[in-house]
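Participant: If you want the building blocks of each chain, they are given just below.
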Amino acid sequence: MSKYISKKDLNSWLNKVRDNRRLVAPTKVDDLILFKEISRVEDIVSDYVNTDLSPKEFLFPPTEVLFSIEKKNGGVELTPARVEKETVIFGMRPCDAKGVVALDKPFLEDPTDPLYKEHRDKTALVGISCLKACAECFCSSMGSGPDDPSGFDIMLTEVKDGYLVQVLTEKGKALLPDSTLSESGEAKPKAAEVATVPAKDVNVKLRQNFEDPYWNRLADRCIHCNMCSYVCPTCYCFDIRDYPNKGKTDRVRSWESCQSAGFTKIAGGHDPRANKGTRMRQRFAHKLLYFPEQFGVSHCIGCGRCVKSCPVNIDIREIIQDVQKLGAKGE
Amino acid sequence: MNETEQIRSKAKELLDSKKVDCVIGYERATDEKNARPMFAYNAKDADRLIFDQTCRHNLVRYLLNRKDKVTGIVVKACDSRAVNLLINEHQIARDKLFIIGVACPGLVKTDWNKPGDKLRDACQLCQQRTPVIYDVLIGEAKKVEPPADAYPDVAAMEGKSVEEKRAFWEKEFSRCIRCYACRQACPGCYCSECFVDRLDPLWVGIRIAPGENEMWNTIRAYHLGGRCIGCYACELVCPVNIPLSLLNRKLEKEVMKLFKFQPGLDPETPQPLATFQKDEKLGVAE
Amino acid sequence: MSNNKNPLLPHLATLENVIDLTPDVRLFQIELNDADFKAKFDYKPGQFIFVSAFGTGESPFGLTSVAHRKGPIEVAVRKVGTVTSSMHDLEPGAAVGVRGPFGNFFPMDQFKGKNIHIIGGGIGFAPLRPIILTILDHRNDYGDLFILNGARTPSDLVFANEFDTWAAAPKTRLELTVDAKDDNWTGRVALIPAVVKELQLSPANSVAIICGPPIMIKFTLTELKKLGFADEQIVTTLEGKMKCGLGKCARCNVGDKYVCKDGPVFTFKQISGLLEQF
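Protein chains in written order, with the numbering used here: chain A, 1 to 331; chain B, 1 to 286; chain C, 1 to 278.
One thing to keep in mind: the hints can contain errors.
What the hints assert, rightly or not - With beta-carbon atoms standing in for the labels, derived distance ranges:
hint, chain 1, residue 1, chain 2, residue 2, range
1, B, A274, A, E193, 40 to 46 Å
2, B, A274, C, A180, 49 to 55 Å
3, A, E158, B, F168, 54 to 60 Å
4, C, N33, B, F168, 33 to 39 Å
As the list claims (entries may be wrong) - Which residues of chain A face chain C? A partial, calculated answer using Cβ under 8 Å:
hint, residue
5, Y4
6, K28
7, F58
8, P62
9, G75
10, L108
11, D239
12, A261
13, K265
14, P272
15, T278
16, F295
Please keep in mind that the hints were generated in silico from the structure rather than gathered at the bench. Cβ atoms here follow ideal geometry from the backbone N, Cα and C, with glycine treated the same way.
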């Protein structure tokens with residue numbers, strides 16, 4: 001027997017959530033499916049494999065004021081930003097939850113980023129497991145899986161007329177109390193079949209073949225549009241600058257991408273990664289080598305968004321396969 | 001021989017004779033359905049070149065990184081206008097290029113793993129299927145009947161009231177995530193320091209906010225006024241499907257009205273918005 | 001030990017004094033405002049801080065003072081970009097922000113008893129000054145001290161007002177060199193690597209600490225290796241484009257090492273093990 005909630009009861013619960021908190025869920029925006037703040041529960045879509053942009057923007061916004069700077073009393077006063085509202089992100093997929101687990105590592109590791117921690121503590125993640133995969137998904141090769149509950153507070157699995165419910169954390173329990181749930185003898189449906197990629201030990205191969213000219217060739221077609229970093233649930237490179245804002249100044253953190261020219265350029269002109277190939281290598285070395293070795297979790301969770309959105313088809317699945325073959329021609 | 005075979009043959013000839021260092025063309029993408037840019041450095045690479053209606057990228061962009069090398073490049077009609085633009089603006093040298101022009105049947109509306117067969121909107125309105133500059137032409141030069149109205153999409157916008165237009169663009173720009181993919185894909189956007197990257201003076205802030213999104217997109221369109229050659233690669237790469245071509249086509253229409261000028265038809269004609277002549281008259285061209 | 005409640009929030013400080021060192025380099029003397037934090041603020045040679053020019057942004061600067069002298073925090077700022085230009089507009093009394101100290105430090109304990117060769121070019125000399133001050137203040141703990149300070153022109157030599165003090169210290173030798181002389185210069189005109197070669201620095205019981213533009217580091221390293229210095233005997237401090245200083249923003253890494261966290265001080269043995277070029 002598993003815990004169960006009917007679709008009708010789920011909708012009532014979502015309405016209650018929306019009344020008290022910010023409810024974020026996948027919804028149609030023109031011909032895209034994006035995570036947005038929902039005002040009507042009917043706007044939540046159910047016919048999607050995954051959204052076009054990742055939900056990381058609700059924990060790590062594209063631009064965020066860190067603190068404001070005001071000239072006062074002959075000196076300066078700094079006012080750190082606070083996160084006011086509680087949020088529930090509904091309809092996340094297991095890959096994206098694993099993405100949050102990865103994003104937690106650099107931000108929560110000592111010294112903790114307090115703004116990210118506030119977002120994180122005030123956000124509950126309610127997921128729906130995947131019964132269908134898309135052509136570009138490869139989560140099970142990257143440490144996740146179509147029914148992997150890691151990172152969720154609550155995970156739902158769709159069955160006839162409702163969902164099997166796994167309440168995984170205290171936060172989840174407080175959000176969806178046992179009293180709202182019933183029992184069901186329904187069998188757990190078969191999880192989606194997901195394509196695989198030979199990612200095992202790719203970090204070793206990458207390190208061994210670090211100087212291979214492969215990266216220069218790959219970078220030829222990159223146009224540095226930064227899309228890969230922006231759609232990715234785990235990319236977290238950021239820029240910090242001061243911007244004027246109505247008499248005060250805001251210190252703003254914003255998304256950046258290691259692919260953009262000038263990412264590592266120092267005032268004075270020296271740029272250790274002026275060459276496109278070195279920037280291309282940096283992306284995949286960070287994803288597949290540095291981050292996993294530093295934090296013990298994968299930095300690519302196999303959602304496939306970069307594959308879908310890269311205008312010139314720089315495909316991490318192809319790259320993983322290629323890297324595994326590097327150096328094999330002759331040692 | 002079809003286009004693909006002809007392109008492969010020509011590319012191999014150029015590479016084997018070392019006439020060029022590299023041929024930039026297209027190959028099959030990993031979804032097995034669409035095309036992606038590729039750089040062929042030898043005959044073996046050249047065997048992967050293809051040409052079909054999913055070859056939507058404007059490859060001329062890549063020439064800006066290869067100014068000191070001799071490069072072969074596959075261009076469609078709109079792309080070829082970009083070649084003329086860059087020669088006109090002294091960004092690339094004619095003698096460093098071997099241009100493989102392809103008579104273009106028009107691109108299909110397509111997405112990763114979701115190829116279509118319907119012709120892309122801009123391609124339906126295209127009046128020039130044959131490249132205007134090339135060293136060799138592949139495919140038959142097709143004549144296209146000019147439509148009664150070359151800009152029905154622009155006319156539809158012009159018919160809206162100011163409030164309707166404002167509401168339209170507010171909605172469209174609200175999705176902009178300032179990834180600057182549009183700028184990166186455009187062969188005309190090559191400033192070493194883009195105005196949005198300047199901090200001093202700060203023209204446009206980093207905030208992803210309505211005012212700033214609008215500033216970014218409209219100013220970029222203006223910087224391309226009289227220069228945009230109409231490939232609309234910007235619209236193709238936009239991850240949130242903003243109809244950027246509408247902005248560029250409005251300015252195209254105005255420039256045509258004022259100066260009877262279409263950018264990129266040849267490498268010599270001075271650009272009206274970049275040139276001042278002593279006997280210049282202000283007003284609509286006769 | 002930055003603001004450990006919020007590592008990106010600067011501590012308020014005041015610019016006490018500004019001293020011109022060269023036409024484009026100024027020495028900033030900064031005092032932290034909060035007495036408690038000031039009392040706890042300790043730093044070692046090699047570490048760096050982020051200084052905020054409020055309204056523009058912040059940048060990392062190597063600390064050029066020594067904590068044990070209990071004076072103001074000193075950083076040498078070359079006017080070369082947006083933040084540094086804003087800083088050069090600041091007058092004494094201005095409010096600034098400080099985050100830090102960050103990074104690792106020169107292993108002064110391991111240097112004890114050894115002969116020290118300090119080789120710095122241009123603004124790169126600034127992070128080496130704390131080593132000199134520490135040695136001068138604890139002279140008997142260290143062996144011979146050799147200082148080579150180089151710059152493009154004589155007016156670009158930093159800390160010129162301290163040269164006499166350094167040269168006068170026991171068992172200390174100071175050499176200066178410029179790439180191009182001016183009308184008044186009667187000293188050496190040569191690139192730093194050439195001077196290292198000419199002077200035949202001895203690697204015996206020595207450690208060499210070099211800092212300067214990457215190209216100067218690379219060529220000086222070559223000369224030191226030719227003279228017999230082992231990789232472990234050569235130390236440098238790297239810079240990188242930084243935003244957070246905490247090993248989080250994934251920008252300053254050289255391969256799998258962060259300049260802000262695993263550095264900025266590295267031995268050449270460590271650098272030759274790095275995956276990327278600095």
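Participant: Taking the hints in turn, state whether each one holds.
Facilitator: Status of each hint after checking the structure:
1. B/A274 - A/E193: 40 to 46 Å: 57 Å, violated
2. B/A274 - C/A180: 49 to 55 Å: 41 Å, violated
3. A/E158 - B/F168: 54 to 60 Å: 37 Å, violated
4. C/N33 - B/F168: 33 to 39 Å: 51 Å, violated
5. Y4: 42 Å, violated
6. K28: 33 Å, violated
7. F58: 19 Å, violated
8. P62: Not OK, violated: A/P62 not within 8 Å of chain C, min 15 Å.
9. G75: Holds. Min distance 5 Å.
10. L108: Constraint on A/L108 not satisfied, violated at 10 Å.
11. D239: Hint holds; A/D239 Cβ to chain C Cβ min 6 Å, cut 8 Å.
12. A261: 12 Å, violated
13. K265: 6 Å, holds
14. P272: Because about 6 Å separates A/P272 from the closest Cβ in chain C, which is inside the 8 Å limit, the hint holds.
15. T278: 7 Å, holds
16. F295: 11 Å, violated
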